[in-house]
Amino acid sequence: MNTFSRRSLMTGAAALGLLAALPARALALPAPPPTTPIRRLFAPEEQRFASYLSAVSPMVADMDSSGFFAGGWWRSPAAPYNARVQEHVYTLAWFATKSRTWNPYRGNAALLAALDAGLGHYLGLQHDDGSWPEYSPTEHGLAATGFGLGYLSKTNALLREANVLPQRQSQITSALRKAMTWLLDPGNGSAWQPTIHYANQVTAGLAGASLALNQDPDPALRRRLTEAFARLAANGQSPAGFFYELTGADTNYNFEVMLPEMADAWRQSNDANLVTMTRKYTDWLSYNLLREPDGSGWFANVGPNSRTSSRFYADVRPDPERTALNNQFVPVVPNLSAFLSSREDLAAARAAWAADPAPVPALVKQDTSPRILTHAIYGERYPTRAQRAAAIAKLPYLRANFTEIRSDQGQNFLFLRRPQFYLGGYFGTRRATSLARTGLTFLWHPVAGTVVQSMNNNDHACWATVFPGQVTDANGPQQAEFLGGEPYRFRFRTASGSVVTDVTAHPDRITRSVRANAPATEQIPLVVRDSDTVALDARGLTLTRGRVVLRFDWAQPRQPAIRPASITYPGRRMHILTVPHDGTFTVTISVLRS
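For the sequence shown, the numbering used here gives the first residue as 1, with consecutive numbering after it.
Keep in mind the hints are simulated off the structure, nothing from the lab.
Check each hint, because a few of them may be wrong.
As the list claims (entries may be wrong) - Keeping only pairs whose Cα atoms sit at most 30 Å apart, straight-line, the calculated DSS-like set for lysine-lysine is:
no.: 1; residue 1: 98; residue 2: 178
no.: 2; residue 1: 365; residue 2: 280
no.: 3; residue 1: 98; residue 2: 365
Stated by the list, open to error - The following label-pair restraints were derived from C-beta to C-beta distances:
no.: 4; residue 1: 580; residue 2: 230; range: 35 to 43 Å
no.: 5; residue 1: 536; residue 2: 584; range: 49 to 57 Å
no.: 6; residue 1: 542; residue 2: 580; range: 13 to 21 Å
no.: 7; residue 1: 43; residue 2: 559; range: 41 to 49 Å
no.: 8; residue 1: 594; residue 2: 43; range: 39 to 47 Å
no.: 9; residue 1: 380; residue 2: 230; range: 27 to 35 Å
no.: 10; residue 1: 38; residue 2: 234; range: 47 to 55 Å
no.: 11; residue 1: 270; residue 2: 295; range: 45 to 53 Å
In this text, a Cβ means the ideal position worked out from N, Cα and C, and glycines have one as well.
Throw the hints in and build the complete structure from the sequences for me.
As structure tokens, this is what we get:
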């Protein structure tokens, strides 16, 4: 059904206060009047709604008469067959049904009409088997179905609470049942594989199914859901600790999507598998998010990432914030507190936001995720500063010495801590995807913080040996030999043997020796703070950061160069150090003063 009717919007005397007169036909979707958010009116935990409030009117104005969310607000392709575009039904439903002093849209007839039409278009896209399309009209998409279960179940909860759109409520209930039947079928190869391809998408569907079954119990589907949680735990998480995204690790999808969806699912289901999985993933994070000693934020071990390139997380992250719902796990996984904002710091940031005289920033099209709003459902469980400090103190790389190697399906992840350095590496007979970059992936100092961060999906900003034409050894599998000893030694090589790299980790220095079968260039992506001093000479580079002085020394005269990259961070910028050589090259990284 792709049109709305007056009858479907009428709910009896209890809803008369919500509904004004509606147009007789859905030939157009008149937008509700625009409004300007006033910062001081928003409760601190609801500041996330401010930018969305100002988007309601233009979003509806862009909708066409069928209920399609035209205008390119959310997801690509911005096409009428893409069910994911319709996920903003939750946004419209929230503003149409929630009473707040700053929300003029509760009960607005034009908004309810647009919501009704949007739901009609959304539900009309569902295939007979219960799935929805995303990239083509005939696709039976996991992401569209998984996230659709979440948004539609939450939208239905809002409609029921407000007692509006009763016909749509019934249609959503039927659609959710069909979608759950599709998703929870263990024989559905689109969702379930021996190694789950897209763990975040499956988990989103399980979260939505949990809420849908709480609304409308079904014993058979509940059994299927319980089995699905166990299957997710068995097949969706690596023994190394990360959640599978195309068989690899991905900070963005793991930390910003999967973990919040797990929190949503856990709050609805109380399934113990989700807590166990969160503990394992928190342990993985504790090796792969590198805390800046000045407290400014966290660098990600991004080189191994299989799908996206999230590089840096600020220490305090006020809304709108994709990781916000992770705070739900704090009472049962206290070590996760290290990677969240503290209550006190968040309160200060929110107070500053409320006092800011500038207009609330408008949403930028595409960057308008309705998931931001769903994070407000459960209240907040952020850690106190003391709880967070205790969790940070447990980070393994704050210890002075360890060698940790984790493996999964031909991939090896090395985490090497010595008194003056923390070094990461990604090796193996295979890499998860062509986006990942192998070799050494980061270098961190306990006082200076992150000094090197190797990028993924980028041959110009990875730590690598580079041949002419910007061909890097990092853009392919490199098998490693972990030779051990003290000082610790390991070696890695390209599949063809064109480059062999030996690394020796001493307590106070690291030596990297390269043997290539042709002239090449050493490439090191340096993280340089605005306050750093960098001095380059023929024999090496000296980086001074506060009282710490680091030296990259190649012992003999070369023709090095350093250039700024387009990659920036708060108060920092990446610079690419390049040193041409004849095929044999050794660099020693040492601390001259700390």
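Evaluated hints:
Restraint check: the Cα-Cα separation between residue 98 and residue 178 comes to about 28 Å, which is no more than 30 Å; the hinted pair holds. Pair hint residue 365 plus residue 280 does not hold up; C-alpha atoms about 35 Å apart against a cutoff of 30 Å. The straight-line distance between the Cα atoms of residue 98 and residue 365 is roughly 24 Å, inside the 30 Å bound, and the hint therefore holds. Our hint of 35 to 43 Å for residue 580 and residue 230 is violated, since their Cβ atoms are close to 55 Å apart.
At about 21 Å, the CB distance of residue 536 to residue 584 disagrees with the hint of 49 to 57 Å. Distance hint for residue 542 and residue 580: a CB-CB separation of about 20 Å, consistent with the stated range 13 to 21 Å. In this structure the hint that residue 43 and residue 559 lie 41 to 49 Å apart at CB is violated, the actual value being about 60 Å. Look at residue 594 against residue 43: about 46 Å separates their beta carbons, and that is inside 39 to 47 Å.
Against the hinted window of 27 to 35 Å, the Cβ-Cβ separation of residue 380 and residue 230 comes to about 29 Å, which satisfies the hint. The supplied range of 47 to 55 Å is met by residue 38 and residue 234, whose beta-carbon atoms lie about 50 Å from each other. The hinted range of 45 to 53 Å is not satisfied by residue 270 and residue 295, whose Cβ atoms lie roughly 35 Å apart.
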